[in-house]
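Novice: Sequence:
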Amino acid sequence: MLALVGVILAACGKTTDGTVSSSDNLPSNNDSTQTEESDSSSNEDTATEPNDKEDTSNSLKDEYLVKLNEMDKKDREVPADTSKASTTVELEKEEAERLDRWDEALNEIYSILNEQLSAEEMEQLREEQRDWIKERDQKAKEASLKYEGGTMEGLEYVATQASVTKDRCYELVAKYM
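For the sequence shown, the UniProt record's numbering assigns the number 1 to the initial residue and increments by one for each residue that follows.
No lab work stands behind these hints: they were computed from the structure. Some hints could be false.
Stated by the list, open to error - In the DSS-like style, the derived pairs of lysine-lysine whose C-alpha atoms are separated by at most 25 Å in a straight line are:
1) Lys-93 <-> Lys-139
2) Lys-134 <-> Lys-175
3) Lys-73 <-> Lys-139
4) Lys-73 <-> Lys-175
5) Lys-93 <-> Lys-73
6) Lys-146 <-> Lys-67
7) Lys-93 <-> Lys-141
8) Lys-61 <-> Lys-73
9) Lys-74 <-> Lys-139
10) Lys-93 <-> Lys-134
11) Lys-146 <-> Lys-134
12) Lys-84 <-> Lys-74
13) Lys-74 <-> Lys-93
14) Lys-146 <-> Lys-93
15) Lys-61 <-> Lys-74
16) Lys-61 <-> Lys-84
17) Lys-175 <-> Lys-139
18) Lys-84 <-> Lys-73
19) Lys-175 <-> Lys-61
All values reported here derive from a predicted model rather than from experimental measurement.
Model the full structure from these sequences, guided by the hints.
Specialist: What follows is the structure, given as structure tokens:
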């Protein structure tokens with residue numbers, strides 16, 4: 001991503017500090033031209049100040065997307081035939097561990113959002129989160145009912161909770177970071 005920014009800046013003839021690179025290398029024959037360039041340079045610096053917060057937010061968003069993608073990749077890399085679990089109880093335990101990992105990531109994201117969002121936005125998110133928890137549990141219950149009374153019922157419940165929690169992590173990062 002940084003390389004792309006460098007290429008774009010090079011193509012525009014600008015350096016990362018907002019100055020025109022061609023003026024750095026050429027002597028100035030006209031003082032008014034130099035004044036105009038420095039005025040526009042200071043305007044560019046002022047115009048980019050609000051973007052610094054956005055850039056930080058975007059870099060944090062990118063960081064968390066990478067982290068979530070790595071977690072998801074690890075989840076998918078464990079094929080069923082190499083799983084240590086050989087019973088439904090052991091499979092359920094593995095899914096519970098997966099749920100714990102995604103829940104930990106969700107709590108970390110929520111904590112960061114608590115620092116970033118305004119009090120009003122955070123209150124809205126809290127309410128949304130309460131509704132989401134009810135929805136997650138309802139989805140897990142509905143999914144597990146196809147195995148009602150069987151040994152797979154608990155496994156399906158936990159697996160669905162883990163999947164829905166993973167989706168919520170991505171949703172919060174995309175929507176709020």
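Novice: Work down the list of hints and note, for each, if the structure agrees.
Specialist: Quick rundown of the hints versus the structure:
Between Lys-93 and Lys-139, the direct Cα distance comes to roughly 20 Å. Compliance with the 25 Å bound is thereby established for this hinted pair. A hinted pair counts as satisfied when its Cα atoms are at most 25 Å apart, and Lys-134 with Lys-175 qualifies at roughly 20 Å. A C-alpha spacing of about 23 Å is found between Lys-73 and Lys-139, which places the hinted pair at or below 25 Å, so the restraint holds. At most 25 Å may separate the alpha-carbon atoms for a hinted pair to count; Lys-73 and Lys-175 meet this at roughly 22 Å.
With a CA separation close to 19 Å, the supplied pair Lys-93 and Lys-73 stays within the 25 Å bound. For the given pair, Lys-146 sits about 33 Å from Lys-67 by alpha-carbon distance, which is inconsistent with the 25 Å threshold. Between Lys-93 and Lys-141 the CA atoms are separated by roughly 18 Å; this keeps the pair inside 25 Å, and the hint holds. Note on Lys-61 and Lys-73: the hinted pairing holds, with a Cα-Cα distance of about 18 Å set against a maximum of 25 Å.
Between Lys-74 and Lys-139 the alpha-carbon distance is near 24 Å, which keeps this suggested pair within the 25 Å criterion. A C-alpha spacing of about 22 Å is found between Lys-93 and Lys-134, which places the hinted pair at or below 25 Å, so the restraint holds. Taking the CA atoms of Lys-146 and Lys-134, the gap is near 20 Å; set against the 25 Å cutoff, the hint holds. Only pairs whose Cα atoms come within 25 Å are accepted, and Lys-84 paired with Lys-74 is accepted, the gap being roughly 15 Å.
This hinted pair checks out: Lys-74 and Lys-93 have alpha carbons roughly 17 Å apart, not beyond 25 Å. For the proposed pair Lys-146 and Lys-93, the alpha carbon gap of about 20 Å is at most 25 Å, so the pair holds. Distance restraint check for Lys-61 and Lys-74: the Cα-Cα separation of roughly 20 Å lies within the 25 Å cut-off, and the hinted pair is therefore satisfied. A distance of roughly 34 Å separates the Cα atoms of Lys-61 and Lys-84; the hinted pair therefore is violated under the 25 Å criterion.
Taking the CA atoms of Lys-175 and Lys-139, the gap is about 22 Å. The hint holds against a cut of 25 Å. Distance check on the hinted pair: Lys-84 and Lys-73 sit about 18 Å apart at the alpha-carbon level, within 25 Å; holds. A C-alpha spacing of about 10 Å is found between Lys-175 and Lys-61, which places the hinted pair at or below 25 Å, so the restraint holds.
Figure legend: structure checked against the earlier numbered hints; hints not met, in rising order: 6, 16.
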